[in-house]
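Residue numbers (our numbering), protein chains in the order written: chain A, 1 to 100; chain B, 1 to 637; chain C, 1 to 484.
Don't take every hint at face value.
To be verified - On the chain B side, residues computed to face chain C include the following (Cβ under 10 Å):
{"#": "1", "residue": "69"}
{"#": "2", "residue": "71"}
{"#": "3", "residue": "140"}
{"#": "4", "residue": "148"}
{"#": "5", "residue": "161"}
{"#": "6", "residue": "443"}
{"#": "7", "residue": "446"}
{"#": "8", "residue": "450"}
{"#": "9", "residue": "616"}
What the hints assert, rightly or not - Calculated cross-link-like contacts (lysine-lysine; reagent style DSS-like; alpha-carbon spacing at most 27 Å):
{"#": "10", "chain 1": "A", "residue 1": "87", "chain 2": "C", "residue 2": "100"}
{"#": "11", "chain 1": "A", "residue 1": "87", "chain 2": "A", "residue 2": "99"}
{"#": "12", "chain 1": "C", "residue 1": "100", "chain 2": "C", "residue 2": "369"}
{"#": "13", "chain 1": "C", "residue 1": "369", "chain 2": "B", "residue 2": "164"}
{"#": "14", "chain 1": "C", "residue 1": "353", "chain 2": "A", "residue 2": "99"}
{"#": "15", "chain 1": "C", "residue 1": "153", "chain 2": "C", "residue 2": "205"}
{"#": "16", "chain 1": "C", "residue 1": "154", "chain 2": "B", "residue 2": "608"}
{"#": "17", "chain 1": "B", "residue 1": "454", "chain 2": "B", "residue 2": "164"}
{"#": "18", "chain 1": "C", "residue 1": "353", "chain 2": "C", "residue 2": "154"}
{"#": "19", "chain 1": "A", "residue 1": "87", "chain 2": "C", "residue 2": "191"}
{"#": "20", "chain 1": "B", "residue 1": "28", "chain 2": "C", "residue 2": "100"}
{"#": "21", "chain 1": "C", "residue 1": "478", "chain 2": "C", "residue 2": "405"}
{"#": "22", "chain 1": "B", "residue 1": "490", "chain 2": "B", "residue 2": "164"}
{"#": "23", "chain 1": "A", "residue 1": "87", "chain 2": "C", "residue 2": "353"}
{"#": "24", "chain 1": "C", "residue 1": "153", "chain 2": "B", "residue 2": "163"}
{"#": "25", "chain 1": "C", "residue 1": "100", "chain 2": "C", "residue 2": "153"}
{"#": "26", "chain 1": "B", "residue 1": "28", "chain 2": "B", "residue 2": "163"}
{"#": "27", "chain 1": "C", "residue 1": "153", "chain 2": "A", "residue 2": "99"}
{"#": "28", "chain 1": "C", "residue 1": "154", "chain 2": "A", "residue 2": "87"}
{"#": "29", "chain 1": "B", "residue 1": "164", "chain 2": "A", "residue 2": "99"}
{"#": "30", "chain 1": "C", "residue 1": "154", "chain 2": "A", "residue 2": "99"}
{"#": "31", "chain 1": "C", "residue 1": "191", "chain 2": "C", "residue 2": "205"}
{"#": "32", "chain 1": "C", "residue 1": "100", "chain 2": "C", "residue 2": "34"}
{"#": "33", "chain 1": "C", "residue 1": "34", "chain 2": "C", "residue 2": "369"}
{"#": "34", "chain 1": "C", "residue 1": "191", "chain 2": "C", "residue 2": "369"}
{"#": "35", "chain 1": "B", "residue 1": "490", "chain 2": "B", "residue 2": "163"}
{"#": "36", "chain 1": "C", "residue 1": "369", "chain 2": "B", "residue 2": "24"}
What the hints assert, rightly or not - Stretch-level coverage of chain A by chain B, calculated; a stretch enters the list once three of its residues show a Cβ under 8 Å from a Cβ in chain B:
{"#": "37", "segment": "16 to 23"}
{"#": "38", "segment": "88 to 95"}
To be clear, the hints were calculated from the coordinates, so they are not data collected in a lab. All C-beta atoms, glycine included, are put in the ideal place defined by N, C-alpha and C.
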Amino acid sequence: MVPLSHYLILSAILFTIGMMGVLIRRNVIIIFMSIELMLNAVNLTFIAFSRFLNNLDGHIFAFMVMTVAAAEAAVGLAIVISVFRNKPTVNVDEMNIMKW
Amino acid sequence: MLNYIWLIPLFPLIGFLINGFFGKRISKNTVGYIACGAVGLSFIVAVLSFISLLQLTPEHRVFEKILYTWIDSGSFRAEVGFQLDPLSAIMILVVSGVGFVIHIYSTGYMHDDEGYPRYFSYLNLFTFSMLLLVLANNFLLMFIGWEGVGLCSYLLIGFWFEKKSASDAGKKAFVVNRIGDFGFILAIMLIFVTFGTIDFTEVFHAASDKSHMGIITTTTFTAITLLLFVGAVGKSAQIPLYTWLPDAMEGPTPVSALIHAATMVTAGVYMVARCNILYMLAPISMTVVAGVGAATAIYAASIGLVQNDIKRVLAYSTVSQLGYMFLACGVGAFTAGIFHLMTHAFFKACLFLGSGSVIHAMGGEQDMRKMGGLRAHMPRTYWTFVIASLAIAGIPPFAGFFSKDEILWKALTQGNILLWGIGALAAFMTAFYMFRLIFMTFWGESRVEEEVAKHLHESPGNMTFPLIILAFLSIIGGFVGIPLIKGWNKIDEFLSPVFGGHGAGEAVHHSVSLELGMMMVSIVIALAGIFLAYRMYIIAPGIPERLTERHQIAYRVILNKYYIDEIYDALIVRPIKNGANFLWKGFDVVVVDGTVNGAAYLVEQWSKVMRVIQSGYVRNYAFSMIIGLVIIFLFFM
Amino acid sequence: MEIIAPPIDLTGIMPMIIIAITGILVLIIDLFLKERSKNILIFISLTGVIIAARVSFSQYGGIHYSFHRTFVMDTFSVFFNLIFLLGTALTILISANYIKREEINHGEYYALILFATMGMMLMAGGSDLITIFLGLEIMSISLYILAGFRRTKKESNEAALKYFLLGAFATGFLLYGIAILYGVAGSTNLKDIAASIPGRLFDQKPLLLMGMALLIIGLGFKVASVPFHMWTPDVYEGAPTSITAFMSAGPKAAAFAVFFRIFIDSLGNMEPNWNVIIGIMAVLTMTVGNVLAIAQDNIKRMLAYSSIAHAGYILVALVAANSLGFTSVLFYMLAYTLMNMGAFAIIIILGNKGEEHLNISDYAGLGFKRPLIAFAMSVFMFSMAGIPPMAGFIGKFYIFSAAIKAGYIGLAIIGVINSVISVFYYLRITVIMYMREPVREFNPISLSPLIILALIISVWGTLHLGILPGTIIEFARKSTFAFF
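Please construct the entire structure, taking both the sequences and the accompanying hints into account.
What follows is the structure, given as C-alpha cells:
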C-alpha cells in the first residue's frame, strides 16, 4: 500500500505548481486553471486523509470543494467575458488602471 | 441649587446648537445675545452653585450629580455625572466668568466679520466643552471635554482659514494636541485596567487605599501619572509641545484671551491638580512635573524678551506662566498652582483683550515697533493694561503678586533653591518684557504710520467694559489668598479638602521673617525688571533731543550714566538678548518645530514611497501573499 | 439495513432561510416587473431583512446546535447576524438611487446582496469547517459578481477580476489549511479539533502549525490584513460605491467572526503559537493602512486603506483574547458598520450621473453649501479617527484597554499612535469641507428619502453608541459568553 506521505507530497507538489502558475502566467484563463489545480491538490489531500483516517468527512469536503469550484468557474469565466467586452485582452498585466 | 449644576454646561450647548444651525438666518444682534446670554446664564448658575457649596461644611463639599449610567457591563461601571467640589467650583467660576466677559468683548471685536455666527457658535461649543472638562466626574468624560476644547481651539485658530498661516496654525495645534492626548488616553486605559473604574472618587479612594497594601506598585503610579502629564504638556503648552501656542495667535484675539490664556491651556494644570492623590504617590513624576514647569517658565520667558509682535510676547508669557503653575504642582503646592491659574486667567485675559483693543485701533497691525505713544489715544485700554501688567509682574497689591509669591515660596520651602532661583529669574524677565511691551506700545514717541494714525481711537464700550472688569479682578483677585495672616488665606482653606492637606503645606513651619524677606526679594526682583525696561526703552532711545528740552535734570543723570547703560547693554542685555534670540530662532524653530513637522513630513513621504508597492498587478499581490506565507512558515520553524 | 432519518431542526437556520427565500423571491418577481416599478424589490428585500432580524433577535440567549453540530446558534452568532442584517439593510437603502443613476438597476443586485448575507450568517454560525467554508464561498462568489456589477465600466471589471483571482487563490490556501487540520485532528468539527489538539500536539506539531499558517492566510485575506490586503484598495475603488460600502462592513465582520471562532474555539490551546504572529500582523496592518491612507486623493481608496487600518485594530483584540477584547470587537464591528456605511452614503449622495466626484478636493466648501451633510460626514470622520464622543472612540478605548489588560502594552501603544496618525487623513476631509472655498456646485445631489433614512440611522447610531454605549456594550458582553 502506498503510504500516506506519498499522497501528501504529491498534493503539495501539485499545490506548489498551481501557486507558481498564478505567480508566473499572464493569461487570465491559465491563472484560473492554476487555481483549479491548487483546489484539486487540496482535494487529493482530503481524500488521502479520509482514507487513512477511515473517516468520511474528507470525502464530503472534497465534494463540496468540487461544487464550489464549479460555481467559481462559472462566475470567473463570466467576469473574464465581461472584461473582454470592454478590453479585448486576457493578459492580466494589462489590467491595472487602479493602483497605488 | 447643586442639583442643577448640569445646567452650567447645557446653556452654552444650546447656544451652540441655535447659532450653529440657524446663525445665518437670524440677525447679528440676536446671535450675540444668544451666545452671551448662554454663557451669562451659566455664570449665574455657577455662582449660585458656588454659594450653595460654601454653605456646606468643608468636609462635605463634594457633590456629585449623576446624569445617567454610561456603561454598566460586568465589573466595569461608568456614570456620566458632574462633580462639584472646591476645585471644580473655582474652575467653573473662572471659565464661565472670564468666558462671559470675553463673549461680550467679542461682540465688539468681531462685529464686522462675515463669520460672526460661526464664530459665536464655536465659542459657545468651546465653553461647553471646557465646562464639561472641569465638571466631569470621571476620566472619560473629562477626556471628551478635553478633545472638545482641542477641536474648538483648532476651529477658532483656523477661523480665518483664508490665511494659510492661520489654517496651518490650527492644524499644528490639533496635531500637537493629539500627541499629548495619546499619553492621556493611554493613562486612562491604564487606570481603567488597574483600578477597574474611571470614576475620580473611586480611583483616588482606591489609590490611597491600595497603595498601603502594596497591591499597586509605585511603578504603575509613575507610569499613569507620567502619561497623564504627557497629556497635560500637550494641552498646556509645556516643553517640548509648546510650539503650537505662539502660532495659535493667528486666531482672533478674543480667542487667544479665552482659550490660549484663561481657560483651555490651564486644563493641564487642572488635570494634574485633580489627580494630586496619584501624583503624590509617584515622587518621580512630581520631580518631572516640577522640572518641566521650571524649565518652561524660564525658557519661554527668555524668548518673550525679544518678540516684537505684541501677541507673541503675551503668548510666550502664557507658556511661561503655565510653567509656573506646573512648578507649583510639582513641588506639591497644588493650591498655589490653582491660585495662580485663577489670577492668571484674570490678568492674562485682560492683557490679551487689551492687545486686541490696540490691534483693533491700529487696523490689524501687531508689530510693536510700529506703535508707541498710544496712551494718549486710548486711555482706558492703557490703564487697564498697566494694571494687568503690574499684576503679572508681581507688584503688590495686585493679584499676581500673591499667587506668584506663593509659588516661589513653596518652591523654596518644598522644593529646592534651584527651582526658586529659576522661578525668580523668570519673574524678573516677566516684569521686564511686560513693561518693555507697555513702553514700546503706549509710551514714547509714536512710530505709527500716518495712514493708521488718523484712525486711532479708543475701542467702543462693549470692548473696554470687559477690560475694566478684568482689570478690577486683577486688582482684587489676589486678596483671597493673603499669606502670613491666619485665616486670610481663604483659597488655601477652601481648597484643602481637595488636596487632602498636602496642598496646604502647613506642616512645615518656617519663620515668618524668612517668608517676609522672600516676599521683599520678589518685589525687588519685579521692580528691577520694570526699571530695566524703563531704562532701555524710555530713557535710552530718545536721549538727545527730547530729554534735553523737557527734563534738564533727568538729562544730566542720563548723560552721566551713559556708560553704565553701555555696560549694562554689553554685560547683561546683549548676552541675554543673543541667547534668547538663539533659543528662539535656533532651538525653537529648528529643533522643536523641526521635529514635529519632520515627523509629519516623514510619514507623508513614507506614504508616497510605500504606495508604489501597490502596483496594480495581480501577480504582485499574489506574490505578497506568498511572502507572508513564507514568513509565517519561517516563524513557526 | 435500517435507515435512520437524521432529525431535521430548522430553528437554528431560520433567519438564513428567510433571507434565502427573500432572495429567490426577488429574483422571480424581478422577471415580471417593468423598469419603473422595480422599487418594489427594495421593499421586499427590506421586509425580508427586517423579519430575519426579528427572528434572529428572538433566538438570542443559549446555545443551540443543529445539523450534527455543524451549525450553532449562540449569542455570538446572533450578535453578528444582527450586524450583518443592519449592514445589508443600510446597503439596500443607499443603493436604491445609486443603481438607478448608474443604470444597473437589475433585480439580481438585491438577490446577490441577500445571498451574500446568507453566506455571512452561515459563516458566523458555522461550528464545522465545512459549513464555514460553504458560507465563505456563498458570500465570496456573490461579492465577485457584485464587484463587477457595473459591467460597462473598466474599473468595475478590473475590480471584479482582481477580487476573483486573488479571492480564489486565497481560498486555495484556506482549503489546504483546512485539509491539513482535518488530517491532524481527524475531524472538521471545531470542538472536536479543539479536543484533539492537546494529545497530538507533540507528534504532529509541525503539520498543525502548517495548517494554522495556511488558515491565517485564507482568513487574513478576507479581513484584509497586511500582507494579504493588497486587493482591498483596488477592489474598493473599482466596485460600485454601494457595494464597496457593503463589502467593508458585513463580509469583513463575517470573516472576523470566523477568525475568532476558529482561533479561540478550536486553536485556543495553540495561543502561544499564534499570538505573536497575529500581533505582528496587527501592527503591520494598522501601520500600513494608516500610512498609505495619507497619500490618497480618491476618497474611496482612502476609505479602503482606512478599513485595512481598522482591521488591524480588531486583530489587536484577537491577540488580547479575553472577554473584554471580544466585547470590544462586537461593539467595534457594529460601530464601524454604522460609521462606514454613513460615509459611503455621503459619497453616493455627492456623486452625479457619470461623474462620481470621488476626489477629496471635490468636497471643498461642502460645509458652507450643505451644512447638514457636512456635519454628518464630520461625525463619521471623527468617529473613525476615534475622537470622543463618537462610537469609534468607545470602540478603540475598549480594544486597547483589552490589550493592556492582557499585558500587551506595546501593542496598545502602537495602536494609539496609529490612531493619532489616522487623524491626519480623516481630519483632512473635515478641513477641506469647512476650510476651503467651494470649487463646484453641490447641485444636483442625489438625495432620496431612503438614503436620508440611512444617513439618519448612521448618524444617530454613531452618536448614540458614543454617548450612550451602555446597553450595547452590555449586550456585546453577554454575547461573548459563548466563549468565556
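Indices of hints not satisfied (ascending) | 6, 7, 8, 15, 17, 19, 20, 22, 24, 29, 33, 34, 35
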